[in-house]
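**Q** Sequence:
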Amino acid sequence: MKSIFRFFEENMNGTLSTESGEYNLTFNNEIGKGKLKGIQLNGPISFIEFDVTFNQDFEISTEPKEAQSLFLGYCSQGSLRFGFEGAKTSGTVETYQTAILNSEEDKSLSLKFNKQTETKISLIMVDKIVPPMFSDQGESLSSKLVQLFRGNEEGKDFLYIGSYNIRIAEQIERLNNIEAEGVVRRVMTEGILHVILAMELQQHASDEHQKEHPMGSLTTREMKLVKKISDSIKKSPEYPYSISSLCQENALSPAKLQEGFKLLHGTTVGDYIKNLRVEKAEELIRTTDLNISEVVYSVGLSSRSYFSKIFKKRYKCSPKNYQSHQVPVFATA
1225 MKSIFRFFEE NMNGTLSTES GEYNLTFNNE IGKGKLKGIQ LNGPISFIEF DVTFNQDFEI
1285 STEPKEAQSL FLGYCSQGSL RFGFEGAKTS GTVETYQTAI LNSEEDKSLS LKFNKQTETK
1345 ISLIMVDKIV PPMFSDQGES LSSKLVQLFR GNEEGKDFLY IGSYNIRIAE QIERLNNIEA
1405 EGVVRRVMTE GILHVILAME LQQHASDEHQ KEHPMGSLTT REMKLVKKIS DSIKKSPEYP
1465 YSISSLCQEN ALSPAKLQEG FKLLHGTTVG DYIKNLRVEK AEELIRTTDL NISEVVYSVG
1525 LSSRSYFSKI FKKRYKCSPK NYQSHQVPVF ATA
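Read in order, the letters of the sequence shown are residues 1225 to 1557 in the working numbering.
FYI, nobody ran anything at the bench for these hints, they're computed from the structure.
Possibly wrong hints are sitting among the right ones.
[Said to hold, decoys possible] With a Cα cut of at most 25 Å, we get these calculated DSS-like pairs of lysine-lysine:
id: 1; residue 1: 1368; residue 2: 1331
id: 2; residue 1: 1459; residue 2: 1480
id: 3; residue 1: 1451; residue 2: 1344
Using the sequences and the accompanying hints, generate a full structural model.
**A** Right, here's the structure in full:
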């Protein structure tokens, strides 16, 4: 990871800042522009995210030392060609797809960006050789992942390109939107990165289980529309949405819309809206002086009894009870 930041700083006139294990770099020149974000966790895991646009086809490779890693990639926007240097193994990851790469001979990984295309790529690197200070927590994880993602033959590289998964994009958005500082920021960052890693591993397991239809029936364009609809609902969950209006406004069939939400959120459109409203209501109860009736109307509901029912089902507590326990109590010795 460090070699990539060093390359952009020295050869692309990048401006680099580092703090508490986080690297942030911006660049803007005749070759291209963009930003890179890197995070080094305590252990064998590191993370780097590219949000870049190049004016020409652009290629960068990891250093030999960094080649001793297992690579798990995810594309949030655009596409990326990748492969191991000196090998025939290569592939292209498109928007909302995952990729897992492992070289038995520890070859350098080559990343090839298309010109005039905004590309957002995240890369998790798991070191195969764990430093002694982290051996207790990292060696088991590294060895298990390396064993899991071996080539079919001795000395062969492993390459996997997964099906669509928009949920990972949402976790990356969460990672980029962390506003906390200090130890709270660090704990939140590590937690989200481990969730992203787990989701990429889960995606591989799911694809292995459903090899007959790995891509589903939705196109990339349709998945982007579903993501746009989801973001719109998340921004204003109180709006009186209907399946027919959402489909008409976005040129999607009801079946495609529901399939997209199943892939993205694991639930229907209606349940997604209901869950967002309950979450928004919980936030209002916790952070405002609104009474329960006002909260109900603020999140787009009209029945207080229905709201109490779904709130209690979600939080195992009635809204009134929850509100009455919002005054903090501090104990002193």
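**Q** Taking the hints in turn, state whether each one holds.
**A** Against the structure, the hints come out as follows:
{"no.": "1", "hint": "1368 with 1331", "verdict": "holds (20 Å)"}
{"no.": "2", "hint": "1459 with 1480", "verdict": "holds (22 Å)"}
{"no.": "3", "hint": "1451 with 1344", "verdict": "holds (16 Å)"}
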